[in-house]
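Letter by letter, the chains look like this.
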Amino acid sequence: MPLVEDSNPFAYPAPIWTLFRSTPRAGGFAPGTPGVVTGEAQSNAARSRLRLQLRFERGRVADARFRAYGCPTSIAVGAWLAGWAVGKDVRELAGLSAARLRKELEIPDQRAHCALLGEDALRAVLDRLPEDPSP
Amino acid sequence: MSAVIAPATSRAARTIYLDYAATTPLAPQVLEAMLPYLRGGESDPLLWANPASAHGPGYRARAAVERARAQVAALIGADATEIIFTSGATESNNLAIKGALEFHGALRGSRRAHLVSSRTEHRCVLDSCRYLETQGVRVTYLKPDALGRIAPAQVFEALTPDTVLVSLMWVNNEIGVVYDIPAIARGLRERGVLFHVDAVQAAGKLPIDLREVPVDLLSLSAHKIYGPKGVGALYVRRKPRARLAPQMHGGGHEQGMRSGTLATHQIVGLGAACALAAQRLGEDAVRLAQLRERLWRRLASALPGLHRNGDPQACAPHLLNVSFEGVEGEALRASLPELALSSGSACSSATAEPSYVLRALGRDDELANASLRFSFGRATSVEEIEFAAQRVIEQVRWLRELSPFGKDG
Numbered sequence: 001m002p003l004v005e006d007s008n009p010f011a012y013p014a015p016i017w018t019l020f021r022s023t024p025r026a027g028g029f030a031p032g033t034p035g036v037v038t039g040e041a042q043s044n045a046a047r048s049r050l051r052l053q054l055r056f057e058r059g060r061v062a063d064a065r066f067r068a069y070g071c072p073t074s075i076a077v078g079a080w081l082a083g084w085a086v087g088k089d090v091r092e093l094a095g096l097s098a099a100r101l102r103k104e105l106e107i108p109d110q111r112a113h114c115a116l117l118g119e120d121a122l123r124a125v126l127d128r129l130p131e132d133p134s135p
Numbered sequence: 001m002s003a004v005i006a007p008a009t010s011r012a013a014r015t016i017y018l019d020y021a022a023t024t025p026l027a028p029q030v031l032e033a034m035l036p037y038l039r040g041g042e043s044d045p046l047l048w049a050n051p052a053s054a055h056g057p058g059y060r061a062r063a064a065v066e067r068a069r070a071q072v073a074a075l076i077g078a079d080a081t082e083i084i085f086t087s088g089a090t091e092s093n094n095l096a097i098k099g100a101l102e103f104h105g106a107l108r109g110s111r112r113a114h115l116v117s118s119r120t121e122h123r124c125v126l127d128s129c130r131y132l133e134t135q136g137v138r139v140t141y142l143k144p145d146a147l148g149r150i151a152p153a154q155v156f157e158a159l160t161p162d163t164v165l166v167s168l169m170w171v172n173n174e175i176g177v178v179y180d181i182p183a184i185a186r187g188l189r190e191r192g193v194l195f196h197v198d199a200v201q202a203a204g205k206l207p208i209d210l211r212e213v214p215v216d217l218l219s220l221s222a223h224k225i226y227g228p229k230g231v232g233a234l235y236v237r238r239k240p241r242a243r244l245a246p247q248m249h250g251g252g253h254e255q256g257m258r259s260g261t262l263a264t265h266q267i268v269g270l271g272a273a274c275a276l277a278a279q280r281l282g283e284d285a286v287r288l289a290q291l292r293e294r295l296w297r298r299l300a301s302a303l304p305g306l307h308r309n310g311d312p313q314a315c316a317p318h319l320l321n322v323s324f325e326g327v328e329g330e331a332l333r334a335s336l337p338e339l340a341l342s343s344g345s346a347c348s349s350a351t352a353e354p355s356y357v358l359r360a361l362g363r364d365d366e367l368a369n370a371s372l373r374f375s376f377g378r379a380t381s382v383e384e385i386e387f388a389a390q391r392v393i394e395q396v397r398w399l400r401e402l403s404p405f406g407k408d409g
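Top to bottom, those sequences are chains A and B. Once you know that position 61 of the first sequence is 61 in this note's numbering, the rest is easy, because the numbers rise by one and skip nothing. Once you know that position 374 of the second sequence is 374 in this note's numbering, the rest is easy, because the numbers rise by one and skip nothing.
I should point out that these hints are in silico values taken from the structure, not numbers from a laboratory. Hints may contain errors.
[What the hints assert, rightly or not] Derived CB-CB ranges, DEER-like:
1. A:D109 with B:E383: 39 to 45 Å
2. A:R47 with B:K143: 24 to 30 Å
3. B:E401 with A:R47: 14 to 20 Å
4. B:F405 with A:D109: 26 to 32 Å
5. B:E366 with A:A11: 22 to 28 Å
6. A:R47 with B:D79: 52 to 58 Å
7. B:E353 with A:D109: 14 to 20 Å
8. A:G95 with B:R397: 35 to 41 Å
[What the hints assert, rightly or not] From chain B, some residues computed to sit far from chain A (all C-beta separations above 10 Å):
9. A52
10. P152
11. A158
12. R211
13. P246
14. A334
15. E394
16. L402
[Claimed, not checked] Under 8 Å between C-beta atoms, here's a sample of chain A residues computed to sit facing chain B:
17. P9
18. A26
19. S43
20. W84
21. E104
We put the beta carbon where it would ideally sit given N, CA and C, even for glycine.
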């Protein structure tokens, strides 16, 4: 049998392929973990869902996890967001836009909804933040 | 905290080819048979001559074409004079369907014409039917049941006094279901209706004997049976004679039914592939069916939420189509870069539309999209099946674990 590189045969943009194949921070925090705020978003058109969990300590994200059901791009968006969020405070988190996500992950036009899914999931976390997110 | 660990993926992964229903490699003996007609033979350097030419090399090229015609005929129990060479099954299907309807006056509006086919035919049949609809032909597209079957009675009930032709495939290219072509053929013969069968996925996999089965027109392709791409054949019954209007006009080749200089090397390749298929038929079919069942048992014993598409009691040996609950189709395909397989007919990317065949069986779009077609060939090994099964099991488990549906954390 021939040996070939695992070389992105479907030609996804490189950042999407790398994150989809490695999925850093996939999973969830155990229920009741202190400081965890969960946000979820879904795209009915694309039948995809993204759950983002951020664990806050002293006003900043100490750790993050995500789960996703959807295409590789939406999974990559979850992985990128979870990695990017670590170390950020609420003001920095609120500054993230779908446009930034598209740029970072090289998301093409026809997958723009995946970037919106990411923005929506992050907004859902921010909407559910208590006054003081640091326990 | 529960972290999901992605299965390890090595950088250098093997590619396992499980897409033999899409195409097969050229068999070494087929290539050897073809070469003299491309570059000249060692003892006969002019074998590349035009088989229509009236000189020695032309006659010898013509003899090779006629040998190939006999080899094709032998695979399906036909007479050599009943074989028309074409550029492939798409052309054979176009010629059979459009040619039959045109010959019977359907395109000149001189008579009302009706055509019966099914919703799960290959695109080239469906598109030929749709073209004929624009020319005033009425088409009935039979709906298969949930297992993809079409009962002979369903075909007979669809007939009207205007029905000129029924066109059905012997083996479905996506789900492998085998129609009861002998029973349908006998019923249509009794009723005096022409019958065309697309046998591309059946040839070399199931025994075909047209002396016993009264099919009038039958399409074949070389590249599905280890022959070259770009060549196929249409069987046209002589007794009773199936009449067609040619769709390619020119020098009157192939009894006037398909003009164009004969591609000797391609035709010789088709003939050699048919001879090889006839020789290996029984052995291939048994081994391929064993591989199919092995893969299905491995998947079904490890993963809940699977649906085997098609009828397990009547399926071609080389094909297994499975839908996976709880995973998104594009992610499923993309998670298996080391497997070369299809998710639908001729799907060329990971982002293809859900298969119309699976939709016709009643699968919802999400499940239809999360389907894989595994197809096996002469080179497929048990080791490859085991590797593929392991990768699919790992990746489906992983994508299900990654999904937020039904999870608290």
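Outcome of the hint check:
no. : hint                           : verdict
1   : A:D109 with B:E383: 39 to 45 Å : holds (43 Å)
2   : A:R47 with B:K143: 24 to 30 Å  : holds (26 Å)
3   : B:E401 with A:R47: 14 to 20 Å  : holds (18 Å)
4   : B:F405 with A:D109: 26 to 32 Å : holds (28 Å)
5   : B:E366 with A:A11: 22 to 28 Å  : holds (24 Å)
6   : A:R47 with B:D79: 52 to 58 Å   : holds (54 Å)
7   : B:E353 with A:D109: 14 to 20 Å : holds (18 Å)
8   : A:G95 with B:R397: 35 to 41 Å  : holds (37 Å)
9   : A52                            : holds (41 Å)
10  : P152                           : holds (38 Å)
11  : A158                           : holds (35 Å)
12  : R211                           : holds (41 Å)
13  : P246                           : holds (41 Å)
14  : A334                           : violated (5 Å)
15  : E394                           : holds (13 Å)
16  : L402                           : violated (5 Å)
17  : P9                             : holds (5 Å)
18  : A26                            : holds (4 Å)
19  : S43                            : violated (11 Å)
20  : W84                            : violated (18 Å)
21  : E104                           : violated (19 Å)
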